[in-house]
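Below, each chain spelled out in residue letters.
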Amino acid sequence: MEQDRFELNKNLAQMLKGGVIMDVTTPQQAKIAEEAGACAVMALERIPADIRAAGGVSRMSDPKMIKGIQQAVSIPVMAKCRIGHFAEAQILQAIDIDYIDESEVLSPADDKYHIDKTKFAVPFVCGARDLGEALRRINEGAAMIRTKGEPGTGDIVQAVRHMRKMQAEIRRLASLAEDELFEAAKELQVPYELVLYVHRHKKLPVVNFAAGGVATPADAALMMQLGAEGVFVGSGIFKSGDPAKRAAAIVKAVANYNDAKMLAELSEDLGEAMVGINEQEINLLMAERGK
Amino acid sequence: MKIGVLAVQGAFIEHEKALAALGVSCFELRKAGDLKCPFDGLILPGGESTVQNKLLRDLGLFAPLKEKIEKGLPVFGTCAGLLLLAKEIVNDERRCFATMDIVAVRNAYGRQLGSFSAQAEFKGLGLIPLTFIRAPYIAGVGAEAEVLAVADGRIVAARQGRQLVTAFHPELYDDLRVHRYFLETAGAAGS
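One line per chain: the protein sequences are A and B, in this order. Under the working numbering, the residues of the first sequence are numbered 20 to 310, in order. Under the working numbering, the residues of the second sequence are numbered 3 to 193, in order.
There may be inaccurate statements among the hints.
Claimed, not checked - Simulated restraints on C-beta separations:
| # | chain 1 | residue 1 | chain 2 | residue 2 | range |
| --- | --- | --- | --- | --- | --- |
| 1 | A | 304 | B | 154 | 45 to 51 Å |
| 2 | A | 47 | B | 30 | 30 to 36 Å |
| 3 | A | 304 | B | 127 | 50 to 56 Å |
| 4 | B | 23 | A | 194 | 22 to 28 Å |
Claimed, not checked - Every beta carbon over 10 Å from chain B, so not counted as near; a handful from chain A, in silico:
| # | residue |
| --- | --- |
| 5 | 45 |
| 6 | 64 |
| 7 | 76 |
| 8 | 83 |
| 9 | 127 |
| 10 | 151 |
| 11 | 188 |
| 12 | 194 |
| 13 | 199 |
| 14 | 204 |
| 15 | 220 |
| 16 | 261 |
| 17 | 291 |
| 18 | 295 |
| 19 | 297 |
| 20 | 299 |
To be verified - Chain A regions said to be covered by chain B (calculated; three or more residues, Cβ under 8 Å):
| # | segment |
| --- | --- |
| 21 | 23-35 |
| 22 | 114-121 |
| 23 | 136-146 |
| 24 | 269-279 |
If you are wondering where the hints come from, they were derived from the structure by calculation, not from laboratory data. Ideal Cβ placement from N, Cα and C applies to all residues, glycine included.
Same shape as in the complex, but just chain B (with noise of 0.2 Å):
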């Protein structure tokens, strides 16, 4: 198996290293040469949104990227990654895959004050940690789309078939399992 990470910005570094402690192997996808490797599952780090955002479609990764995850590539999306992956979000009008069905809020606790950590149930893994870094939440999920973690009454991660996301960083723990969580969707998907 092998996971393609979005490298234009932001902390792809932290999930390359979560990966190859998982035995995993991963390359950097940075402009759209990079597409030419195959992969089984992307990653879409965090960072600012509205960098990669733009940066995606810039260096000719958008559109390759777009049409592999509506065909059901898994991707797993944390914070800016998220945003992303929404279809909706309700402060800004940006929009990037919008291929999940959530209803996002950015920068949904404020500034780098509002920042926070903490712990919360995790569907099938337990109690994990978590880091909020100017973090959105999920304010409502479609049908399709499955909750997996709450913590303070808001919405923290779901996933939609091979589409996972968390509003907070799982990358900089050293514990991986919603890494391994990840790796089994996309295993599951084969290739």
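The following block holds chain A by itself, in its conformation from the complex (with noise of 0.2 Å):
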């Protein structure tokens, strides 16, 4: 992939921010995800939570149902691969995805290598718990990064010690002296000049989004608040009671995360929020995946 290419991929993710990613498994969800305010869609043809019950292998969706998705929104269309599946990949970007989610959600088809994402000309988001990781997908050409989180929970702990974990070891690193990056680099197993862009800008190279049990606005506005870009949101919406509703304050909360009259507004009257999994409570551990 020439530089030029992960530039544009990268600076997609840049209009994206500020915004919300919705998982949707049909052409009616997306178009209610669209009028609700998402920036982009995720393709799926089951929400993590589904997933999560229904147990067994989950790959890649049918493009048929992806580009039914593609033809009902106007907004960008992003869809799934299993972890190293490079053929999976290979196929959306036949279908002109507009961006590829290398999720730890479906089940791993390599539990050795990622993709190697400098090879495709369609952007990629890959997962991330800690700063290695991050920059380790960046590596290997992800243009936007987001936490894990514990996908199809409900649950929000696990976003939030992503986010902070990451958050903790860019400003330790920001920290460091100049002579120091090179051990930083071989304890973080990334190489110096990402750990050294780090360093300088105080921040990923990338986008860096939250993902994995956002279910209310005030979950939305937290992972904001705790540094994130803008929200992926899968179950929480179309697993809740009011679908529309809770996906337009979860927008409005994105965009004025800060204001906490606003969010109490927002955080009324929703209906049954998704009942949730604690995560003591699950027996598989969608993180653990790819690291």
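Work from the hints to combine the two standalone chains into their complex.
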């Protein structure tokens, strides 16, 4: 992938900032998401909560289903492929997808290698639990990062843990002397140049969103205040009582994440939130997939 | 001089950095209450026009800003901002301010694989770098609007009075010439 293409792909993520990316499974849901103010949609056959409930191997969605969603909305359409499954990624690129999520929500196809994302013209977003994972994915060509959180749970604790850890590690790198960065690169298992970038700019070289467990406007505001540049909402919307209303409220909460008075209004009368599972109650930690 | 930057969604921080580099102060417009602070110009950043259009209305910003633009507030729209200002959009029924007599085509180069960078002559500024991200272009301009840049045979920048639009993203470069051009328009408006 040429540098120019990588820049264009990073730039698209910049345009998504301050926005909410919503999981949708049908063209109708995609329209509800767009009308509620989603800045992009993630097309997938089953939302993470249902993947978790169904068990078994979960794979890339049917391209026909993704195309139906591409036709239904004018905003960017993303789709997920399995970690390391570059053939699924090639298929998604062939149907002109706007962003590929190489995602731990699906069953990993490779337990050692991620996709060499530099070989693709379409952009990739990848999950990360800490700075090392984030920079390793960026080194492989990811143009956007999101926290892994714990998908399909409605429990925000893991996303908070991952975002706090990443921000703390960024602050630590920023505070090091330049001659200490070589050792830091060794510890993080990432190239020196990426460590130097973080040290100098006090941020990741690409946009960083929150994902995994966001269920309420307050969850979204919490992640934004912790330093997320936007939010993915997976199961939280279409597993709730009133998806359109909740989706619109989360969009407004991200735009005004520091305004507690507005957040209070937005949190009123949203109907049933997704039931949710606490992290201690689940058997499968998706965040452990792909390091 | 003080510039208000629409900050409901999109790449507004990049514009704020460009203004800071030019020594101009700015503030973020996120809700109706933010309009209390007086300002001399408005920037509508890149992002998703559908999201921005909805939030402008839901957050009580749409009507007061439209009135200000109609009364001559200098405004600079990039990419999504261009669509918010366009009177006509060929392939979308949604309209926002519709204060500028241009005909736009949304997502005119297709999806992300159609995004590209180029260079083109900008009237009075010389050759400038251009980045198009799922960008629109301008299919035609009315009698009052002036074409400022053409890339690959398509109109990609125009102005009409104190309204300036670009289909590309000057805020993604360190090159500050287009922002300076806008500020000169805003400065000429006085206040």
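Distance restraint hint 45 to 51 Å, applied to the beta-carbon atoms of residue 304 of chain A and residue 154 of chain B: holds, 49 Å
Counting residues of the segment 23-35 of chain A whose CB is closer than 8 Å to a CB in chain B, do you get three or more? holds (count 9)
Quick check on a hinted range of 22 to 28 Å for residue 23 of chain B and residue 194 of chain A, using CB atoms only. Because 26 Å falls inside the window, the suggested range holds.
Cβ separation check - residue 188 of chain A to all of chain B, threshold 10 Å: It holds; residue 188 of chain A is separated from chain B by about 22 Å at its closest Cβ, greater than 10 Å.
Check on residue 151 of chain A being off the interface with chain B, judged by Cβ distance over 10 Å: holds, 26 Å
Taking the shortest Cβ-to-Cβ distance between residue 299 of chain A and chain B, state whether it exceeds 10 Å. holds, 36 Å
Chain B covers the segment 269-279 of chain A, three or more CB atoms within 8 Å, holds or violated: holds (count 6)
Taking C-beta pairs only, is residue 76 of chain A more than 10 Å away from all of chain B? Residue 76 of chain A is indeed farther than 10 Å from all Cβ atoms of chain B, at 29 Å.
So residue 194 of chain A supposedly isn't at the interface. Is its beta-carbon more than 10 Å from every beta-carbon in chain B? At roughly 23 Å from the nearest Cβ of chain B, residue 194 of chain A sits farther out than 10 Å, so the non-interface label holds.
Take a quick look at residue 291 of chain A and tell me if its Cβ sits farther than 10 Å from every Cβ on chain B, holds or violated. holds, 23 Å
The segment 136-146 of chain A covered by chain B? Criterion: 3 or more residues, Cβ-Cβ distance below 8 Å. holds (count 3)
Measuring Cβ to Cβ, find out whether residue 220 of chain A lies farther than 10 Å from everything in chain B. At about 12 Å from chain B, residue 220 of chain A clears the 10 Å cut-off, so the statement holds.
Figure legend: structure checked against the earlier numbered hints; every hint is met.
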